[in-house]
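J.: Single-letter residue listing:
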Amino acid sequence: MPIHPDSYEPYDGPRGTERPWWTVARQTLGSMLSWTRTKLTLLAVWVFPALALIGVIVEYSLRSSGTELPVPEGQFVGAFATYQAYAVALVYLASGCGIVSHDIRYRTLPFVLSKPITRWDYLGGKLLGLSLLGALTAVVPTLLVGALRLGMLASIDLAGPIVGATLAALGVAIAAVVVTAALVGAISSLSGRTGLVVLGVIGAFVAPWILSSILQLATEAKAAGNLVSLHGAFSLVIDQWIYGDASGVPAWSPFVALGVLCGGSIAVMHWRLKQAGDIH
Amino acid sequence: MLFSTDTLTKTYGSERAVDGLSVDVPEGRVGLLGPNGAGKSTLIRLLLGLIDPDHGSLELLGKPVQPHEPGSRRTIGYMPEHDAHLPHMTAVESVAYSGRLSGLPRQASFQRAHQVLRYVGLDEARYRPLSGYSTGMLQRAKLAQSIVHDPDLLFLDEPTSGLDPDGRREMLELVGDLGERGTDLIVSSHLLHEVEQVCDRVLVLDDGQVAFEGAIAEMTGDDGDVVEVQVRAELTPLAQALDERGWSFERDDTTLRVELGADRSKDELLEIALDAGVQIRHFMPARRSLEAAVLGVLDPKQRAE
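Here the protein sequences line up with chains A and B, keeping their order.
Note that the working numbering has the first sequence beginning at 1, numbered continuously upward.
Note that the working numbering has the second sequence beginning at 1001, numbered continuously upward.
Some clues are possibly wrong.
What the hints assert, rightly or not - Chain A stretches covered by chain B per the calculated footprint, using a threshold of three residues with CB under 8 Å from any CB of chain B:
hint, stretch
1, 9–15
2, 21–34
3, 98–110
Said to hold, decoys possible - So the derived label-pair ranges between C-beta atoms look like this:
hint, chain 1, residue 1, chain 2, residue 2, range
4, B, K1063, A, Y86, 48 to 54 Å
5, B, S1134, A, L143, 33 to 39 Å
6, A, E220, B, H1055, 55 to 61 Å
7, B, D1200, A, T194, 41 to 47 Å
8, B, G1071, A, G30, 23 to 29 Å
9, B, T1236, A, H4, 54 to 60 Å
10, A, V260, B, L1191, 51 to 57 Å
If you are wondering where the hints come from, they were derived from the structure by calculation, not from laboratory data.
All figures in this text were calculated on a predicted structure; none of them were measured in a lab.
For glycine and all other residues, C-beta sits at the position ideal for the given N, C-alpha and C.
Using the sequences provided together with the hints, build the complete structure.
T.: Below, the structure written as structure tokens:
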């Protein structure tokens, strides 16, 4: 491997033209999409939205041909939104646990932070990269299925009852993408051992769910019990905004729970990145 | 100035890694030396803005180092001691990513990645994942990552770590070439003869404080402050005569290395030799090895360790 000292040329071109957080986000998303497990997981979670698309077309065909079907309500949208929240969790579990953990494990974190980039750039880029993967998982299918269904039902004057529910489902998908990304990012920043991070993420999904079940059994306060778990909080949002059920807790409470979880996760991630100079 | 620090202090628990460090280091090729725990790595991390000081201030290339204002790091390169790459990436991807992080536009970063990978001798392996690289290839890829944006200042932490003799020679050749092109270097290494090869100045740290800062020539006696003397018969009469007059010297079986300093001249030394009745057969400006010179400025406790 001979070296070629004559081939080195000084660089006089522009610097600082690309936003560092966008560079980190692109690299994060590109890396995850290059993995076979990401492609397989995405294909698997897209099966249900694909079937839903077919279902929407069949529903439209039946309704437009005069077949008597019930007036569309929020059940389909609610089920779809619930599924998307779990799909996001599954994709992040398969591919997102290494977003910071890999940089700790392979000692790239101090190297990256020695570049002209702030910790917030790195944090924001990582979360954006992961959220873009989440968007491919949940937001894009929700948009496609929701828009197609609304469009088809609107052509036969039946869209009215489900416009709000469809928009709410889109909101749930976006919230699931962002809040779950923050949670996974925070856990990923705690260790360079990705296996431990995977176990941590599973624990963060399952342990509060068990806790909420115990609370529900012990106090019979089903709705309040849901507030302590990520997917419980999402189910409360879906109950209130899509099914229109008054769940027994203030309407704002699941949003506060999700906001606290998201903010706390970002704070943990930033605290870990402040220690980056000593992570080596 | 390459960098300046003023009462710079960084503490870990009860241990002061950097202890009130005040130093001005001029631009050039600087070796950062000192025993384990002297504060070299902490100083590098402080200069790179990876950690905040507890007290004091520091400037790099004339600008204050502030982790929250990283724009000044656009013209700085850092080659860490340990591997710093994601193994699933190819060399081109990894080096181009490093370029984009350094502020280069996407297209320019890929062009530069190809160019610097050829420079370091990895042009034929540039599309292979880094997970399949040997230690020597990884070290070259790391150098490529750190120079892709053509930095004005390059930090090199143990640049020849893990390399075989050929690899060491080629790495030093590359580093020397970068230095000759005008890139300022800060080289942290335990291999002092390598520092001697690529640097013209050294900063020696001991217990988080400056033990020496200056030109290597000044430290090793290249400026004529030390004279090497050999005589035809016994060295003892000359050694005794110098000792009686309070001169400093080192002695081995055949040679005396006599320190002249500001108030003693070579002529005086020759007169003493004449008085002692010894016949001189070798009288030349001496040069201590950098290792001996560094040991000479370190705390005696450290030397004993």
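J.: Next step is simple, just say for each hint if it's right about the structure.
T.: Going down the list of hints, with the structure as the test:
| no. | hint | in the structure |
| --- | --- | --- |
| 1 | 9–15 | holds (count 6) |
| 2 | 21–34 | holds (count 5) |
| 3 | 98–110 | holds (count 6) |
| 4 | B:K1063 - A:Y86: 48 to 54 Å | holds (50 Å) |
| 5 | B:S1134 - A:L143: 33 to 39 Å | violated (48 Å) |
| 6 | A:E220 - B:H1055: 55 to 61 Å | holds (58 Å) |
| 7 | B:D1200 - A:T194: 41 to 47 Å | holds (44 Å) |
| 8 | B:G1071 - A:G30: 23 to 29 Å | holds (25 Å) |
| 9 | B:T1236 - A:H4: 54 to 60 Å | holds (57 Å) |
| 10 | A:V260 - B:L1191: 51 to 57 Å | holds (53 Å) |
Taken one by one, the earlier hints fail for this structure only at number 5.
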